[in-house]
Every structure is written in structure tokens, then in C-alpha cells.
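Starting from the given sequences, assemble the full structure and let the hints guide the process.
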Amino acid sequence: MLFITDDLKGMKETIHQIYPQAKYQHCCVHISRNLAHKVRVKDRKTIYEDFKAVYQVSSKKDVIRYLALMKDRSIIFSVVTKKISNNTKFLYNKKAFVSFIIKLDTKIKRRKQMLQYKDIKNKDQNLDTNLKNLLNIKDPHIFFSAQAVQKEAIHHQMTNVFYGVLTYTPKACEYCGIINEENVLIKHSPKASDIQLIPYQEAPSILRLFKQRFYCKAVIIPLVPKPIISLKIVIFRKR
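Residue numbers for the sequence shown follow the numbering used here, beginning at 65 and rising by one.
Don't read these hints as lab results, they were simulated from the structure. No experiment lies behind these values; they were computed from the predicted model shown. Treat the hints with caution; some may be incorrect.
Stated by the list, open to error - Derived DSS-like pairs (lysine-lysine); straight-line CA-CA distance at most 27 Å: (1) Lys106 <-> Lys135; (2) Lys215 <-> Lys185; (3) Lys281 <-> Lys182; (4) Lys196 <-> Lys275; (5) Lys275 <-> Lys215; (6) Lys235 <-> Lys185; (7) Lys281 <-> Lys235; (8) Lys76 <-> Lys116; (9) Lys196 <-> Lys255; (10) Lys187 <-> Lys275; (11) Lys275 <-> Lys185; (12) Lys87 <-> Lys125; (13) Lys102 <-> Lys116; (14) Lys73 <-> Lys116; (15) Lys182 <-> Lys202.
Unchecked claim - Beta-carbon label-pair distances, calculated as ranges: (16) Ala267 <-> Thr233: 33 to 43 Å; (17) Ile259 <-> Lys187: 18 to 28 Å; (18) Lys182 <-> Tyr112: 45 to 55 Å.
Ideal Cβ placement from N, Cα and C applies to all residues, glycine included.
The following block contains the structure:
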């Protein structure tokens, strides 16, 4: 959980009392507004722009340099930025905010992939045969479901997306070599990868292949099954 708040006294301590594992970040927009209220109306635009330059940099050295430039503008600017100058860490240490966004984005992508996989994990024999002939796929471990063909906007362009699943149980762990007996290799979440195909019906096309992963109990490393044929040569059959 990430909290972004103004510099209200006691806010950070209260949040950590209730949510000990929460991430905390000062809101630079609130601080910018507070600074603007402390100067004359004609100087507000200037202090907005000056402080924006301060919180957009990523190093301590640059933060200190830009704050020094603000102080040099006038005595008033020097006074209103004094509190910030005594605590500049939150301006260049944005790891809490950035790491939270990265983790959230990763979770959303995984969630979307799992929802997609839920719809395509059951094989449809008729469509599977037709699509394999169309895509010239010979690997028996790749199959297609009834929801395998969809239209999606990718890079602002409608694209044919063929959803396939690659799954089989490896005979042994490729890392440690242990034979897969008594469920040494256990199923893990699938991993999707996109493979570019030649255009179909004058529209860009891709094969979105969900590869079933496995965990080896001996080494705790996710294993990804490899197709029998090279997926780089999976293209539409020439007519």
C-alpha cells in the first residue's frame, strides 16, 4: 500500500502505526501549492516552475543545486524554502513511489494474462485442427481453444491475435537433471509471449502463446517447456 499525502504534522507516523508495511511519499504538488500561498501573486508562477524543476530531478546534487537557485532569487524565496532545504531526501529518494508503481503494473499484467488463460485453457478439437493447418504448426503440445481467435488493438492498430497453449510435463529438470518422479516438478502459472506472424486478411497478426511453467522442488526455479519446432518459423502457410 502506498500513501501520498501533504506534509501534515503527524501524518506519516499515524499511517505507519495503522499500516506498518505501507510506503509513504510526500506529495510534491501539495508542497508546491503551499509555497505559492506564501509568496505574492505575481511570484506564484515563478515559484511553481522553480519547484517543479527541483522535484523532477533524481539526484541529491541536483536537488541542492536547484534549491540554491530558488533561494538566490529573493529573500522571500529563501525563507519559504527553508523547511524544504532541511529535509530534501523525499525529493530525490522516490524509490517507494517508483517501486510501488512497477509492482502494481506487473500484478495487473499478470492478472490480465491469467484471465486470458482461463478462457483458452480448454482444447477445442475442430478449431485446434484448423488453426494448426493454417499456422503450419506441427508441435503436438500446442493446442487451441474455442476462444483462440480474437481481434485486439495493439499499437493503435486492430490485430488478429491467435491464443495458443504450450504444455507438457518434462521428464526431468533441465537445471539439476532430477527425474520427474513423485511430482518433483509441479505446475506453476503460465507465461505468455507474442510471436509475430505474417498479415492475415490484410491485418497484422500475432500468436500469443501461453507456456505452462513448472517448479522443480529441488532447485525452486521456474521451468518453461520448449516447443519441439522452432517458433521463429511459425508463419502462415503460403498459398
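Going through the hints against the structure:
no.: 1; hint: Lys106 <-> Lys135; in the structure: holds (17 Å)
no.: 2; hint: Lys215 <-> Lys185; in the structure: holds (18 Å)
no.: 3; hint: Lys281 <-> Lys182; in the structure: holds (25 Å)
no.: 4; hint: Lys196 <-> Lys275; in the structure: holds (17 Å)
no.: 5; hint: Lys275 <-> Lys215; in the structure: holds (21 Å)
no.: 6; hint: Lys235 <-> Lys185; in the structure: holds (22 Å)
no.: 7; hint: Lys281 <-> Lys235; in the structure: holds (14 Å)
no.: 8; hint: Lys76 <-> Lys116; in the structure: holds (23 Å)
no.: 9; hint: Lys196 <-> Lys255; in the structure: holds (21 Å)
no.: 10; hint: Lys187 <-> Lys275; in the structure: holds (15 Å)
no.: 11; hint: Lys275 <-> Lys185; in the structure: holds (11 Å)
no.: 12; hint: Lys87 <-> Lys125; in the structure: holds (24 Å)
no.: 13; hint: Lys102 <-> Lys116; in the structure: holds (16 Å)
no.: 14; hint: Lys73 <-> Lys116; in the structure: holds (23 Å)
no.: 15; hint: Lys182 <-> Lys202; in the structure: holds (24 Å)
no.: 16; hint: Ala267 <-> Thr233: 33 to 43 Å; in the structure: holds (36 Å)
no.: 17; hint: Ile259 <-> Lys187: 18 to 28 Å; in the structure: holds (19 Å)
no.: 18; hint: Lys182 <-> Tyr112: 45 to 55 Å; in the structure: holds (48 Å)
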